[in-house]
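Participant: Sequence:
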Amino acid sequence: MSARQVSMKDVPSLQGESLGVSSAVEVSQERINQFAEATGDHQWIHVDVEKAKESPFGGTIAHGYLTLSLVSAAMFELIEVPDADQIINYGLDKVRFMSPVPAGSSIEASAVVRAVDECKGGYQVTVDCQLRIPGAERPACVAAILFRYLGEV
Numbered sequence: 001m002s003a004r005q006v007s008m009k010d011v012p013s014l015q016g017e018s019l020g021v022s023s024a025v026e027v028s029q030e031r032i033n034q035f036a037e038a039t040g041d042h043q044w045i046h047v048d049v050e051k052a053k054e055s056p057f058g059g060t061i062a063h064g065y066l067t068l069s070l071v072s073a074a075m076f077e078l079i080e081v082p083d084a085d086q087i088i089n090y091g092l093d094k095v096r097f098m099s100p101v102p103a104g105s106s107i108e109a110s111a112v113v114r115a116v117d118e119c120k121g122g123y124q125v126t127v128d129c130q131l132r133i134p135g136a137e138r139p140a141c142v143a144a145i146l147f148r149y150l151g152e153v
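Counting in the numbering used here, the sequence shown tops out at residue 153, every number present.
It is worth saying that the hints were derived from the structure and are not from the lab. Treat the hints with care, as some may be off.
What the hints assert, rightly or not - Taking lysine-lysine and the BS3-like style, the derived pairs with C-alpha atoms no more than 30 angstroms apart in a straight line are:
#1 Lys120 to Lys9
#2 Lys94 to Lys120
#3 Lys9 to Lys94
Based on the sequences and whatever the hints tell you, model everything.
Facilitator: What follows is the structure, encoded as structure tokens:
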């Protein structure tokens, strides 16, 4: 999938637009283990495959923050603003972890631009994102992501 190309001057026209759905990314046990190492979160439900089989989930699950972190790459897949001097991850609003992501599952992201506001040096864009296992009834994670696209308008 190639990213939707938008110029800085056209960023405001994105308000209310769906950016589509990203490619699915596998959340392997190896990825979960690497995330545990990077963050120091070695809770057994994430890294102890044998013990997790006895849990209500029937196996290990991804960290919520690992699931959330996948939104960054998904956004770069969905939209590109080539003439932006900088793209800044400005923060998150209303993050919720709605359902578990079992090890070995894949996750895809869908995104809708909720708001585009002028800010110093460019635009602040609020994107409503859902990360879900393809075909799942409920999303794994929902969040409003705030990006700043900076550059000449």
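Participant: Each hint needs a verdict: does it hold in this structure or not?
Facilitator: Outcome of the hint check:
Between Lys120 and Lys9 the alpha-carbon distance is near 15 angstroms, which keeps this suggested pair within the 30 angstroms criterion. Note on Lys94 and Lys120: the hinted pairing holds, with a Cα-Cα distance of about 24 angstroms set against a maximum of 30 angstroms. With a C-alpha separation of about 28 angstroms, the suggested pairing of Lys9 with Lys94 holds against the 30 angstroms cut-off.
The structure is consistent with each of the numbered hints, conforming to all of them.
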